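The listed protein sequences correspond, in order, to chains A and B.
Using the working numbering, you'd call the opening residue of the first sequence number 1 and step up by one each time.
Using the working numbering, you'd call the opening residue of the second sequence number 1 and step up by one each time.
It is worth saying that the hints were derived from the structure and are not from the lab.
None of these values were measured; they are calculated from a predicted model.
Careful, some of the hints might be misleading.
Unchecked claim - List time: in silico DSSO-like cross-link candidates among lysine-lysine, alpha-carbon distance up to 27 Å:
| id | chain 1 | residue 1 | chain 2 | residue 2 |
| --- | --- | --- | --- | --- |
| 1 | B | K310 | B | K195 |
| 2 | A | K75 | B | K447 |
| 3 | A | K13 | A | K115 |
| 4 | B | K438 | A | K75 |
| 5 | A | K113 | A | K179 |
| 6 | B | K157 | B | K140 |
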Amino acid sequence: MSELTAGRAFTSKAWWQRLGGSVKYSFHVMFHPFDGFWDLTHEHRGTLAAANLFVILLLVGRLMTLQFTNMMFLKVYWPRVNIFQQCASLLMPLGIYCICNWGLTTLFDGKGKLKDVYIATAYALVPYILAMFISIPLSNILTMEEGSLLSVLEGLGLIWSALLLVIGMVQVHDFGLGKTLLFLVMTVVGMAVVIFLLLLFLTLVSDGIGYIISMYKEINFRLN
Amino acid sequence: MRRKIIAFLGAITLVLCCIAPALAADGYKYSYTYTYDYWEDFRESPDAYRVKQMISTGDFADIGGMKNPQGLFVRGEDVYIVDSGNNRILQIRLKEEGGFERVRVIDSFTGDTTPLTFNSPRDIYVMEDGTMFVADFNNKRVVRLDKDLNWELSFVKPDDNNFDQNADFLPKKLVADVVGRVYVLSQNVNKGIVKFEADGQFNGFIGASKVRVNLYEQMWKMIATKEQRARMNSFVPTEYDNIALDEDGFFYVVTKTFQESDLRTGNADPVRRLNAIGNNILVQNGASWVIGDLEWAAGNTNLTNRGPSKFQDITVLQDDIYMVLDSTHNRIFGYDQQGNMLWAFGGVGNADGFFNRPVAIEHMGTDLLILDEGGAFGGSLTVMTTTEYGRMVYEAIHQYRTGAYEESAKTWTEVLSRNGNYDSAYIGIGRALLQQEKYAEAMGYFKAAMDDRNYSEAWRLRRMELVEQNIVPIFIVVAAILALPPLWRRIRKIKWEVKMFHE
Numbered sequence: 001m002s003e004l005t006a007g008r009a010f011t012s013k014a015w016w017q018r019l020g021g022s023v024k025y026s027f028h029v030m031f032h033p034f035d036g037f038w039d040l041t042h043e044h045r046g047t048l049a050a051a052n053l054f055v056i057l058l059l060v061g062r063l064m065t066l067q068f069t070n071m072m073f074l075k076v077y078w079p080r081v082n083i084f085q086q087c088a089s090l091l092m093p094l095g096i097y098c099i100c101n102w103g104l105t106t107l108f109d110g111k112g113k114l115k116d117v118y119i120a121t122a123y124a125l126v127p128y129i130l131a132m133f134i135s136i137p138l139s140n141i142l143t144m145e146e147g148s149l150l151s152v153l154e155g156l157g158l159i160w161s162a163l164l165l166v167i168g169m170v171q172v173h174d175f176g177l178g179k180t181l182l183f184l185v186m187t188v189v190g191m192a193v194v195i196f197l198l199l200l201f202l203t204l205v206s207d208g209i210g211y212i213i214s215m216y217k218e219i220n221f222r223l224n
Numbered sequence: 001m002r003r004k005i006i007a008f009l010g011a012i013t014l015v016l017c018c019i020a021p022a023l024a025a026d027g028y029k030y031s032y033t034y035t036y037d038y039w040e041d042f043r044e045s046p047d048a049y050r051v052k053q054m055i056s057t058g059d060f061a062d063i064g065g066m067k068n069p070q071g072l073f074v075r076g077e078d079v080y081i082v083d084s085g086n087n088r089i090l091q092i093r094l095k096e097e098g099g100f101e102r103v104r105v106i107d108s109f110t111g112d113t114t115p116l117t118f119n120s121p122r123d124i125y126v127m128e129d130g131t132m133f134v135a136d137f138n139n140k141r142v143v144r145l146d147k148d149l150n151w152e153l154s155f156v157k158p159d160d161n162n163f164d165q166n167a168d169f170l171p172k173k174l175v176a177d178v179v180g181r182v183y184v185l186s187q188n189v190n191k192g193i194v195k196f197e198a199d200g201q202f203n204g205f206i207g208a209s210k211v212r213v214n215l216y217e218q219m220w221k222m223i224a225t226k227e228q229r230a231r232m233n234s235f236v237p238t239e240y241d242n243i244a245l246d247e248d249g250f251f252y253v254v255t256k257t258f259q260e261s262d263l264r265t266g267n268a269d270p271v272r273r274l275n276a277i278g279n280n281i282l283v284q285n286g287a288s289w290v291i292g293d294l295e296w297a298a299g300n301t302n303l304t305n306r307g308p309s310k311f312q313d314i315t316v317l318q319d320d321i322y323m324v325l326d327s328t329h330n331r332i333f334g335y336d337q338q339g340n341m342l343w344a345f346g347g348v349g350n351a352d353g354f355f356n357r358p359v360a361i362e363h364m365g366t367d368l369l370i371l372d373e374g375g376a377f378g379g380s381l382t383v384m385t386t387t388e389y390g391r392m393v394y395e396a397i398h399q400y401r402t403g404a405y406e407e408s409a410k411t412w413t414e415v416l417s418r419n420g421n422y423d424s425a426y427i428g429i430g431r432a433l434l435q436q437e438k439y440a441e442a443m444g445y446f447k448a449a450m451d452d453r454n455y456s457e458a459w460r461l462r463r464m465e466l467v468e469q470n471i472v473p474i475f476i477v478v479a480a481i482l483a484l485p486p487l488w489r490r491i492r493k494i495k496w497e498v499k500m501f502h503e
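Given only the sequences and the hints, what does the whole structure look like? Please build it.
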C-alpha cells in the first residue's frame, strides 16, 4: 500500500498518523514557505483533514476570543452576538475566496485544483490562528497600558498569514510573484462580483416570494 | 383543547395588561428617572428627585402674574425670579414646611442714572452681602445695586476695539466673583465671556472656543461657489448660552451651538468647565461624553424635540456634581465630578415634574429649582427635592470625596440594592475597595460596570501582589526554563560521546 492510499478510513490508525503528520507539517510551512507549500500540494504532504481542522480552529478561536479575551481589550455586547453569524463571517469569505481564486487561475493556466487552493489557504492561516490563541491568555495577564503588545502580536500574525497566502498561491499555481499578486487582486474583484450577484439573487427571490404571498392574500381577501 | 389555550393566553394577556402600566402609589411612572449603561442602553432608575412644590403664575395673580420669566437665582433661602416680561424681579423666600412668602418686588431703584427701571432684564446675580447685578437686556447694561436697591455702577458696552463696536452689548446671563468682577454673556458675542473689573473696566474675553477646521468642510469649500461659501457659517465659534460658578470659582458654561456629529466623538463639548484663562477642564471619564441623552429621537424633522439634548442652563452642587437642563426634551441630567451620568429625569408636559419651556435651573442645598417660561399655563417655578435614593447617592459620593472609603462602599451597596442597573454604584464600590487595597474584589465590580481604566489599575496592583506572594515558585519556574535547554543539550552530548566511545 503506497503512502497516498494509506489510511483512507479515519477509523484506521494510519489515518490519524497521517493527520498528525500533516498538522505538524504546518510548522514547516510556516518557517519554510517556499518548499513547504510546494510539497504541501505537489507531494501531498498536506491533507484535507488538517485543512478542515485549521478552519475549525479558526472558528473556535474567534468564538474563544469573544468569550475569553479580557474586558479591557474587547468588550462584547452579547445580546447582539450570533454564533452562526460569527462563523459565517469567516467561512463565507474563505469559501468565496477559494472558489473565485480557483475559477480565475484555472482560466489562466493555474496548476492548483480547488482542493489545493483550499488546503494552501488553510495552512496559510496557521500563524493568525496561533496569534489568536496566544493573545487570549496574554490579554488576561497584561494591563491596559501594556495592551499594545497584543495588537503587535495580532498584527504580526496577520502579516505573516498574508505573506504565506501569497507564497502559497505562487507555489500552488506555479505562477510568478507578479502574476500571483495580479490574480489576488483579481480574486478580490471576483469576490465582490460574487457577493453582489448573491445579494441580487437573494433580493430577487425574496421579492418574488413576497409577490406570491401578496397575490395569495389579495385573492383570499377578494374571495371572502 | 384549542379553546382552553385561547382562554389561557387571554388570561396571561389580561395579567400583563394590569402589570404593564405600573404606576407608583403617587402616580409617578417608574420610568420618570433613568440612566444609561455602558452600552448606551436605556435603564430605568428609581426616582432621585420628586416635586416638592410648584410656584405658578397664579400665586402672583394680584400683581399681574409672571410673564416669560428668564432668570433665576438662589442665595441662602431667597429665590430671585427675573420676571422679564413684566420688567421686574420677584424676590421670594421658600418656607421649610412648604409654601413661600414674598419678600419684595424689585422693579425700580434709586440713584444717579437713567432709566431707574429695567427693560426686559434677563438674569440676576446676588453676592453674599446682598449686592445685586442685573443683566438689563434692552437697556444694554448691567447694573450693580446695593442691598437697599441704590444704584452703584453700570457696566456698559466696552469702548475697546476687542469688542466689536458694531455689535450691541446685550447682556443675557452673568455671574460675579467674590471681589465683584462681573462675567457677562452677551447676545451675539462669540468671543467668550465678557469680563469686567469691579470698577466697571472691560478686561477682555475668557474662554472663546477654538475654531475647529474640518477636512471635509474644507474640501467642500474648495468646490463651492462664492454664494454657497457665504452661506456656510460653520466657522463661527460657539456662543455660550449660560454660565454658572462653582464653589472653587470655576465657570461652568453650556452651549447649544455644535455639530451633531461632533457629540459622538467628544469634540462638541456642550458643557465646559473653564479655568481663569479659559481652558476647558471638565473631567469626562464616564462611559460616555457629557452630552445628555445618548438615544436621540429620530423621525419627523418638523418636531422641535428631535435630535440631541441642547443645554439651557447648568447648576453646580456640592462635590462638583452638576445638573444640566436640556431644552430638547425638557430633561435634567445629573453628572458627578468624573463625568458619570447619575440620572436623567423630566420631560415635556404639564404634569408635575414635566416642563413646557424650562429656562433656568438653580439649587438650594440639594433641592433643585427649575424655572419654566411656560406654555398655556404661564410661567412657573418647580421645586424638586431628593428622595431617599437620591440622598444616598449624594452621601456615597460625599463620603468618597472626604476619604471615608469604607462607609462610601457601604452606602453604594445600599444604592445598588435599590438600583441594580446603576453602573456608578458598581464603580463607586470598586473605587472604595481599591482604596482599601482589596484589588481582587474591586476588579469584579469594575468588570460589572465595564470600567476598563479602573479595572486595569486594580489588575496592575493585584498582579503585583500575586507576584510578590508567589515570588519563590515564579523564580523556580523561570530558572528552570532558563536552565533546562542547556542542561538537556549537555546530557545529549554526553550520551552521544558515550555512544561514540562504545563504537
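Verification of the supplied hints:
1. B:K310 with B:K195: holds (25 Å)
2. A:K75 with B:K447: Measuring from Cα to Cα gives roughly 10 Å; hence the hint holds.
3. A:K13 with A:K115: Satisfied, since the Cα-Cα distance of roughly 24 Å is no more than 27 Å.
4. B:K438 with A:K75: holds (24 Å)
5. A:K113 with A:K179: Roughly 17 Å separates the two Cα atoms, so the pair holds.
6. B:K157 with B:K140: holds (7 Å)
When the structure is compared with the earlier hints, no violation turns up for any of them.
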